[in-house]
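Chain residues, written in single-letter form:
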Amino acid sequence: MATERFEEEMLALLPRLRRFARSLTRDQADADDLSQLSVERALKAREQWQPGTRLDAWMYRIMRNIWIDEARARARRAQTFAPEEEGLSVGDDGHEAIERNVEMNDVDRAMAKLPDEQREVIALVLVEGLAYKEAAEILEIPMGTLTSRLVRGRQALVQMLEAA
Amino acid sequence: MIEDELLIAYADGECSVSDQLKVEQALRDDPELRARLEQHRRLAARLNAFYAPAAEPPVPDRLTALLRKQEADVIDFAAAREKRTTRLPGWGQWGAIAASLAVGVLAGQLALAPRGAVVESHEGRLIARGDLAKALDTQLASAQPGDAHVRIGVSFQDQAGAYCRSFDTVNLAGIGCRKGGEWQLPVTHSASDAAANGGYRQAASGDALVMQAATAMMKGAPFDPETERQARDKGWR
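Line order of the protein sequences matches chains D and C.
Number 387 marks the last residue of the first sequence (the numbering used here); no jumps.
Number 293 marks the last residue of the second sequence (the numbering used here); no jumps.
Hints are computed from structural coordinates only; laboratory data are not their basis.
Quick caveat: nothing in here was measured; it's all calculated off a predicted structure.
Relax, there's no trap hidden among the hints.
If you anchor each label on the Cβ, the simulated ranges turn out as follows:
| hint | chain 1 | residue 1 | chain 2 | residue 2 | range |
| --- | --- | --- | --- | --- | --- |
| 1 | D | 259 | C | 109 | 15 to 23 Å |
| 2 | C | 203 | D | 256 | 44 to 52 Å |
| 3 | C | 285 | D | 266 | 45 to 53 Å |
Cβ coordinates follow ideal geometry from the N, Cα and C atoms, glycine included.
Required output: the full structure, derived from the provided sequences and hints.
Laid out in structure tokens, this is it:
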């Protein structure tokens, strides 16, 4: 893939990348930071991109891996600085903090309550519209694992959102 | 008894033909199952609607700037593609020999490629132009010319009552909605993934995305040919 072509295709992908980032992070500012980091990393690692394979899948994978690292780092910071009884926990804001945040939309709140591994499956399949097989490849998990996470995530979201 | 896993695979278009028939059979006889299916469809529609704005323009400059070092004046990828293709006919200056060598290759490309810019960015919104706008205005899904550059998929009304139509070209698939006398493009999906694989659309996932978006946007059912024709004859108003 020629240089110009690579950049052009990345430009075309940006809207979808921002949307995936938004569903992973549940926050637009975080989403744009994550998008920027992902594009920068992709530009640095472009030699590893294999022409003929899908650029979107490659980008989703880069983005998701950066977000996992960031979520872990945030979890460590939260453990270091915040007493546990305040309910600030790992990666997501913790259920009590989520309940307190009345500004949050129902969808954000429900997505925040999902375990990370279910949220990323929901984001890839339901929001990004990927086939199960494509999503499983991006997440490097077997199909059975993907479908069971998807089913559990969907059931939980239906329950939370239909009750609201 | 249809388990959630199978019902969800059905809702996501991921089950085998035999499973599909099994689910459809069960749906006919079981209102409770239909209600569960509706729950999952509502969920998909709600998530799509909720996250759609995150994929809408404008993309922050700090993101596009990372990728736009060489072509600062390019408005969007469609314009970028247009720029490149309009350079191609420059072979005229090489004279007849080069032209006759090139014609086989170019004929294939030019026959397929829509003429003129088909997408324009205006105040942060993508608008259909040229052949794409014309096809959205006039072309009926039930009577498409065999050599049409743009293929029309489904036509429907969105929740706000605007007329929308899904479309597909060599480079781009998406949905156009008639608003303010123009075809705005709330959903676009580039065929970029296919280009790397020998230049033709790898249709499945792009089309699936567009269809999923259409399903989420739709109020009621897609138009039948008669309704489509009537809507066109009234100018999509």
